[in-house]
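Participant: Residue numbers (numbering that gives the first Met the number 0), protein chains in the order written: chain A, 0 to 429; chain B, 0 to 429; chain C, 0 to 429; chain D, 0 to 429.
Errors might be hidden in some of the hints.
Where chains are identical, the list cannot tell them apart; a pair therefore holds if satisfied intra-copy or between any two copies.
Claimed, not checked - No farther apart than 25 Å at their CA atoms in a straight line, the calculated lysine to any residue pairs in the SDA-like style are these:
id, residue 1, residue 2
1, Lys384, Thr304
2, Lys176, Gly95
3, Lys311, Asn118
4, Lys39, Lys115
5, Lys368, Leu82
Treat the hints as calculated values from the structure; they're not laboratory data.
Note that the coordinates shown come from a computational prediction; the quantities given were computed from them, not determined experimentally.
Spelled out from the first residue to the last, the chains are:
Number of protein chains: 4
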Amino acid sequence: MNCDTFAAGERLVSPAYVRQSCEARRSHEHLVLQLLEKGKCPEDGWDESTLELFLHELAVMDSNNFLGNCGVGEREGRVASALVARRHYRLIHGIGRSGDISAVQPKAAGSSLLNKITNSLLLDIIKLAGVPTVASCFVVPVATGMSLTLCFLTLRHQRPKAKYIIWPRIDQKSCFKSMITAGFEPVVIENVLEGDELRTDLKAVEAKVQELGPDSILCIHSTTSCFAPRVPDRLEELAVICANYGIPHVVNNAYGVQSSKCMHLIQQEMFSYLSNQLKKLSEANYERLLQTPHNPISLALTLKTLDVHHDKGVTQLGAMLFTRHVSGTTVVPLGLVQTVSGHTFRGFMSHTNAYPCAYLNAAATIGMKTQDVDLFIKRLDKCLKTIRKEQNKESVPGVDNYDKTENVDIEETALKLDNVLLDTCQDSSS
Amino acid sequence: MNCDTFAAGERLVSPAYVRQSCEARRSHEHLVLQLLEKGKCPEDGWDESTLELFLHELAVMDSNNFLGNCGVGEREGRVASALVARRHYRLIHGIGRSGDISAVQPKAAGSSLLNKITNSLLLDIIKLAGVPTVASCFVVPVATGMSLTLCFLTLRHQRPKAKYIIWPRIDQKSCFKSMITAGFEPVVIENVLEGDELRTDLKAVEAKVQELGPDSILCIHSTTSCFAPRVPDRLEELAVICANYGIPHVVNNAYGVQSSKCMHLIQQEMFSYLSNQLKKLSEANYERLLQTPHNPISLALTLKTLDVHHDKGVTQLGAMLFTRHVSGTTVVPLGLVQTVSGHTFRGFMSHTNAYPCAYLNAAATIGMKTQDVDLFIKRLDKCLKTIRKEQNKESVPGVDNYDKTENVDIEETALKLDNVLLDTCQDSSS
Amino acid sequence: MNCDTFAAGERLVSPAYVRQSCEARRSHEHLVLQLLEKGKCPEDGWDESTLELFLHELAVMDSNNFLGNCGVGEREGRVASALVARRHYRLIHGIGRSGDISAVQPKAAGSSLLNKITNSLLLDIIKLAGVPTVASCFVVPVATGMSLTLCFLTLRHQRPKAKYIIWPRIDQKSCFKSMITAGFEPVVIENVLEGDELRTDLKAVEAKVQELGPDSILCIHSTTSCFAPRVPDRLEELAVICANYGIPHVVNNAYGVQSSKCMHLIQQEMFSYLSNQLKKLSEANYERLLQTPHNPISLALTLKTLDVHHDKGVTQLGAMLFTRHVSGTTVVPLGLVQTVSGHTFRGFMSHTNAYPCAYLNAAATIGMKTQDVDLFIKRLDKCLKTIRKEQNKESVPGVDNYDKTENVDIEETALKLDNVLLDTCQDSSS
Amino acid sequence: MNCDTFAAGERLVSPAYVRQSCEARRSHEHLVLQLLEKGKCPEDGWDESTLELFLHELAVMDSNNFLGNCGVGEREGRVASALVARRHYRLIHGIGRSGDISAVQPKAAGSSLLNKITNSLLLDIIKLAGVPTVASCFVVPVATGMSLTLCFLTLRHQRPKAKYIIWPRIDQKSCFKSMITAGFEPVVIENVLEGDELRTDLKAVEAKVQELGPDSILCIHSTTSCFAPRVPDRLEELAVICANYGIPHVVNNAYGVQSSKCMHLIQQEMFSYLSNQLKKLSEANYERLLQTPHNPISLALTLKTLDVHHDKGVTQLGAMLFTRHVSGTTVVPLGLVQTVSGHTFRGFMSHTNAYPCAYLNAAATIGMKTQDVDLFIKRLDKCLKTIRKEQNKESVPGVDNYDKTENVDIEETALKLDNVLLDTCQDSSS
């Protein structure tokens, strides 16, 4: 609509009020105009009334919402279910064109405009997050592994003789599979233990480059974001090696945008809080918080006591946390062996063949609150005490007379489920 | 938004496509403009995309959706729950003003406009439905009884000496209570039986007017819509009496708009179908469809066989239909006595002291389909046969080898519920 | 659904996960169960996932959502528009029964249950708000005026000889009309000025009772909630008079629940803040905050300077606030005369024939924030200075070099609209 | 919820009604149970009340909707915008696990279950559509080109020596790019003209296989669905060649499922109707409907008259149809040259170097109605006459006195836009 349309309403509710409304309406339009002109994230988030108005306006720009449209193609934004139409705000038509996903679709100007704005906002966000030199980007529904595969396939055209990819080990299946899928042979470089931390073995990387010869290497494939005690790869030193030998450097920066300087500042306080609370808990339970200063997001807590007394303790802890609705932690036992696409990894999940002890991971993320940390610490503490008590067949202070403010239902239910879940404990996260 | 706003999008998706979209958008605006100018029902119903666009546009006209609004009153359209805001399309502010429900509310121009349009559309619908002389109307959430009370209160100012309301009996509690609530004494005129039909006793009405004296009578209160075998009151003859004695005539036309000539034509076919099917069923079950040609919507089927053989048969039928998911029928037994606001009605529900037999009502309404009738007939037939079988302790053809296409679950479930519900059977409708 | 149903999903996603989910689901069910059993407001508000699950569950309890339902009544919850069905969560069937709005509707068990719970929650809220003796209540869409009319109509049955209602004046049309609509003659008792406050004239009330005779009086009709400088009626003293003469006491407590002790505590801080800020502003503008300690919600600021210098100043202020998106204030000029249902009120809006000066009202309400007050004070201050400047044709400090952080658009737009709105200024609130 | 929960409501609305509702509720549950057990499309589509109930139930199975959940991972289904949560029915958590997209995600049992059911339903649909031997499938957001690339990458592991892909030409960019992206060299086999149809050149295919040697060939890449006058590739003969030489056969069956036998039967009537109407129109306009019996969906109409008289006629027709809201047609001019990933295609869009004439495509698709065809024919006829008139500068019967029932606005608007759009005409579809 526009103010002319609503002028027809003046007869019914007085010109003054309609005019006042039209002026007020312009503040919504002004936000839209700024978005379209600048293509940047607004300082203040839009409220839902502006958002929905904008989405409805975009929808009527698409041909499937033209009144009296006549569609004789194979792709006309027809939808059988009103429920589906509605939850997409009637933005139903596909965008892009055959062979060019970023092309404007003439039959869907609204959806295409939304797509362009989305890409523009993402570019703005990446810059804000600390990568000011990025020139262009676009959003597609492709996960980490496929993105990497596409990068490798693109490099193939430049380096037709290359067969290998040099890869400092990180125990994430999709990263490994991405190289196999693209048709290359991953060359795994084991990490080295420095204090508690697992870090990139730069000498091993350079030695391997010399052994295989630069031309046979497609790229070095490094990783920025990982669970403690592994820390981000030594990007700058790897970049020097790449430059010296003329090899491309592909950096898997998944989750990395959110761990950049910018984000880090926002979260610093929370990260300290989680770190301090975990430290206290570890000491009270005869364990230790691993010292991993190079990992800005993730923390790890040793599980030595469980490990020593009882074989199944670590697994049991994972199951117990899961049934007590603690999600997102990972327990890493010792000595798992896993074969992925034909390659056998010893000590799988720990990024190294033999880490000194079993441990548990937790991470501080955007949106986490102090209460979340407190709840986590409380439940974890109780689980640790319960397991130790069972192992020792003797009383552990603080278990029986536990704080009753915790929801009793969760605990009771959890006890019932514990046995069922023993088998699935390693799976309590991903 | 308007086309100027979206011109800012031309840079992103080409001027030609944006312009095409803006033109297409005008067809939505054109519908809105016509609605605002004419205030009449559109020939073709709007599709949801136009409807929702319009509602969102109206919402941003209300002050609670002004960006940067500053509200310091006691009524500012504040809502705690996003769920509530959303389901009202953010049209949250009240309308009307103290003491004048139809006044425009300056802080809610959008809601006020919607209110005015609603009233305008209703006026159009009433005219289309066959009342072309109606001059004005408005929608308020007030049911039949309260509407009548308000009419009587309004008449009081014109007729300060009046104490009585003359009322041809109809067994609907709210009609009776409306007179009591307004502070008047209802004078009940019993209906007369003509064939199967219960009709207005005009002589009794006139006699009562003469007996009480016109000045002591507030109005004659008649009814157009009722269940067979009662038929609509003789409006024209009553109007003559009113005119002769100078007494107002208040016609309770609830449901009447939908039974006017206009509606009648639309439904005639369905009504015949229901009538014919009920006739067949009644004959097959040794019952009779009551002849009530003056009632254009509702039909009644005698329940003599149930009545004769077994006292509880009628009640049981009501319960059985209810548990078999047949809703909207009413079974009317003989001899109910009910006291409403101090007045005792004999033969309550049947509109007369002693109707010759028990019966069952069904009605043909807008939106009913042939399949609905078929399903109803099938289930009713089965219920009747089942009851007779139980009563006679002998086989009734067609019960045991019943058509198995009917959902078996409903039948089984219903059998379980039957006993529970015997007490509530009269309530199976309203 | 229930856990048995989802057991069928164990084949697809593992028994452990389905069981975990079912346990988690019980916490939602537990909330529902508590609500149904206790019928009280939960300590913590439900989140939307629980709310919507509950509403969907209720909806499938109504017959219009039974799969295979067969409806042959005139009221079957049929809806033409999917949009309407959706926004009502498919709770479309009516509730209550003819003549008894609070009866359970057998065809709509879900909607009836929701209705019962709603009434139960409201009862809990009223008790929490400070009326612990209330025994029962129900929610109906009836505004203040109609509620009062219904109260008067109910009293009529007890006091058939009564003609008059004693009414300490409050300038709200609906209150006055409610007495007229019910067929009674309002006897207006003018308020007395005590300091800045307008208070109930108890002597005049009692004198009038004696003059007319108790039997001819239906009730005394008092009011708890009003705009300063009028304050709530002297309820306790009026109650004594009523008891002495055997006259009912009808208290219009609209908005009163929210101004009870309980609410008052919550808001006290905010009320002080608004009061202090208005005080500062009034002094800076050569005006005065009226001293109205008996009015716990509303405040009034004199407008003497506008009044003296220029006749239209007060009206202009109302218009200016409206166009600057300040809603909820009321400007009260001197000497308005208004006739309502045949009775002429001098000094209308001010609750008295001749209040000493014009003034502006503002109120502190639930949901108001400190920022709202600041924004209000800023805009009001600017309006006052602008008008004085125009009137004096001389510079007023602080207008020209005003704080530029205020949205410039609003000001510019407002200037354009000011003239258009001069006529509608008294209407800037209600 | 379950019936036990609602038993708590019996106190409020009577046990009989709650029990009736619970029984009715089971019919919804029964549908869910059947879906979970059989994993097949239900005979009758579910109504929205069942659908939404099911989705809400699934949502509360995911850990992000557990009340009291404690998430300390990097992926916890946190969402900043309520609008986003809502439109996803709060199914916000990711599914799959690192490196295995089809794995069950323990933290999202509901979403995982929905995913499994989706895949199961798709499998059922593919079987119904005429491919009974398909064993497994899953839904991922990957378009045609990427799907083909992944197929080629998978085959690479089996045929490490292969460099080439044999590809009967089809002018669709994404098909061609898919081979380049996977790192292979496409060998284009030109089609042969048989009557009006363009068909696979089987001899050229076999000759090329022999020339390059089977081991150097990754696969033959054929296509089932295309625009007339190209027809689907000769799949059976190609399959014989593949078998003889031991070469894999990759069939691009995009849109093919809907053109299978099953679908064909459904649509046959509509296809005949479109075909007949286009035939009449072509004769009335001195053009010809191309005879393409092997293409079961798409039709082509010669544009010789436009081509002969005026160079720009064909392009103009595309633009005119676009501005008149006819979407989905493609106009194919002669002699376009286009370079895709380094390969130059002559006669691009026509699947051959030099088709005898320009033409226009239209397709019959699921959901198309007779009225759609009529509207298309009407608008196309008018466009053709208008262009011829302009070209001939002489009157063409039927243009000036055209049927006025057509929406005049569309025509007027379209005239304004025509010039703007001349440049974009080839883009009027995709």
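Participant: Each hint should be assessed against the structure and marked as holding or not.
Facilitator: Hint by hint, here is what the structure shows:
1. Lys384 - Thr304: within (11 Å within a copy, 75 Å between copies)
2. Lys176 - Gly95: Intra 29 Å, inter 15 Å, cutoff 25 Å: inter-copy only.
3. Lys311 - Asn118: neither (48 Å within a copy, 36 Å between copies)
4. Lys39 - Lys115: within (11 Å within a copy, 38 Å between copies)
5. Lys368 - Leu82: Between copies, since 22 Å is at most 25 Å while 35 Å is not.
Hint violations for this structure: number 3 only, all remaining hints satisfied.
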